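Line by line, the protein sequences give chains A and B. Quick note: the first sequence uses the numbering used here, first residue 1134, plus one each step. Quick note: the second sequence uses the numbering used here, first residue -8, plus one each step.
It should be emphasised that the hints constitute simulated quantities derived from the structure, not laboratory data. Wrong hints could be hidden among the right ones.
Stated by the list, open to error - Facing chain A, a subset of chain B residues (Cβ under 8 angstroms, in silico): (1) PHE19; (2) LEU24; (3) PHE40; (4) GLY81; (5) ALA84; (6) LEU116; (7) GLY137; (8) SER242.
Note that the structure is predicted; figures quoted are calculated from it, not measured. We treat Cβ as the ideally placed atom computed from N, Cα and C, and that holds for glycine.
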Amino acid sequence: MTPGTAASLRRWTPLLWIVPAALVLLPFFFLPLVLLFRNSLNRDDPMLLMVPDFTAINYIKALSDPFYLQLFANTIGAALFVAVIATIIAYPFSYFISRYARRSIGLVVWAVYMPLFVSVIVRVFGWMIVLADSGLLNAMLLKLHFLQTPLRLLFEVDGMLIGMVHRYLPLAILPLFNAMKKIPDELHRASANLGATPSGVIRDVVFPLSVPGIVISLQLTFAGALSDFVLPQVLGSPRFRMLAPAIYAEATTNLSTAMAATLAVLMLVFIIALLGASGYLVKRLTPWMTAR
Amino acid sequence: MSRPGIEAIDSAGMYRGLLVYVLIVGAFLMLPLVLAVMLAFSSGGGLEFPPPGLSFKWIVKAAATREFREGLLISAVVAVATGLISAIAGTSAAIAINHFRFRGRAALQALLMAPLSLPGIVIGLAILFTLPAFGLVPGIVATIGGHSVIGVPYVAYMVLASLSNYDMSLDRASASLGAGQWQTFRRITLPIISPGVTAGTVCAMLLSFDNVALSLFLSNGNTLPLRMMQSMQFYTDPSVAAVSVLLVALSLAAVPFLKRSFRETHMERA
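Same shape as in the complex, but just chain A:
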């Protein structure tokens, strides 16, 4: 960690340690990204599949054709909904476990981590059981006479959104938890001492200090939902198209490889812009973390 270690003696050794990672990432990550961009400038031909070219025609089409504009609107709308709802649900949850973590840590932290570790397919399957026409939720609501006919949730936008909120909730909880656990108990006590009400402490002390956590929660959940394939594909509606399944469909069934590449590049640009924006926001909102 200090200068003047063995590092200065052998300037070439770091290169040697990085070789294995480079052998994986250069051929399977960096080169592919370059090719992806290159292919997005090619042309799809109904007879000849992808034709080499150097044209922006796919981008123009993707950003002007109503079909693709609807696709982007659906995806961004759904991702925004999931990000906001998941962060709102996560906020009081994270507040509680950050304040009382040592007493409740075991079970509650399990409930957060467990879904992250279990295959998304299992989670989706669980939601099918809940949301199906003859599923748990409808059976309960019918029995309690809240409904006469079952609600149609599975293979609809509603079911997909419920599944997505569930999938990304842990990703909203963890950054909020990490931000809130850094707020010392003394700060709570001092505020109470000075006459702040419990809700006043949350509004004027906890909330401002947790804003970076909120930004990261929103960013992670938004990026996740934006690029989700499994949930739209399995729980979603064929009438509400989402970006990731659309990329897959263009590349496979539609044989529009260049268009698939173009949509993928646009998704990438969007996610990188989002990362940059949230990084900038966190830096602006927490000057005390960078100014040392």
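We have chain A already, so just place chain B on it with the hints.
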């Protein structure tokens, strides 16, 4: 830090209200996992809930389904290979970043971690475009390569976390006693960071085992998650639930390996 202090701030009513809320959200998080596991032991034929009775017929049926058995084998082979590659490449990359000071080090770290923040569906499609250049077609080798792109930064991230308190004077002491770099790594560094290496490798294997977005393009549609997805899209019977039991059990088996490292990186109180 003491309980009375906390109680003086959050009123008892607020504490109780929040506790109920946390339990409800916790139940919401666990609900689909619990249901999937319960349905595996149903004697019914569809998704009806509660199950009409208890039986093992879906477990038996899933075990006899060729697609699931083959998928399990392929996914296991891919996960083990991905784990091995990620452990070696991820650990050594973490050493390079932690032990040495060189120009472009921050940029290198950012590049190394980049695959973690990019969508799998984009990486999968991009790799698919590159396969012909290596004379590859979608299959096990391509899938292993693709999964390793996620696994390497994951291991590197967790090893870097366990290196954060590493004392470089150990390396100097070892060198002054005549040990070479490799010997120092094997006998000094590796034992110290082994919890991070283990946790990272287990994570890389779990991520590979559950991966959908990359396998979609890089495998022949025959990994276990893809087989499950296919069977869910065409007909839904509880045999998918039976496979889910296996996956939940696998994740639970992985927890002890992750616990220590997660506590170090996420759960410590500031």
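_Under 8 angstroms is the threshold here; is the Cβ of ALA84(B) close enough to any Cβ of chain A for the hint to stand?_
Where the cut-off is 8 angstroms and the nearest Cβ of chain A is about 4 angstroms from ALA84(B), the hint holds.
*So, LEU24(B) near chain A? Judge it on the closest CB pair being under 8 angstroms.*
6 angstroms, holds
*Closer than 8 angstroms between Cβ atoms is the bar; does PHE40(B) clear it against chain A? Give me holds or violated.*
Holds: closest Cβ of chain A sits about 4 angstroms from PHE40(B), inside 8 angstroms.
*Taking the closest Cβ pair, is SER242(B) under 8 angstroms from chain A?*
4 angstroms, holds
*Tell me if PHE19(B) is really an interface residue toward chain A, meaning its C-beta lies closer than 8 angstroms to one of theirs.*
7 angstroms, holds
*Close enough to count: is the Cβ of GLY137(B) nearer than 8 angstroms to one in chain A?*
This hint holds: GLY137(B) lies near chain A, its Cβ roughly 6 angstroms from the closest one there, short of 8 angstroms.
_Interface hint for LEU116(B), Cβ within 8 angstroms of any Cβ on chain A_ = Holds, because the Cβ-Cβ distance from LEU116(B) to chain A comes to roughly 5 angstroms (cut-off 8 angstroms).
*Are GLY81(B) and chain A close enough, Cβ to Cβ, to be under 8 angstroms, as the hint says?*
Since chain A brings a Cβ to about 7 angstroms from GLY81(B), closer than 8 angstroms, the hint holds.
No hint from the list above goes unmet by this structure.
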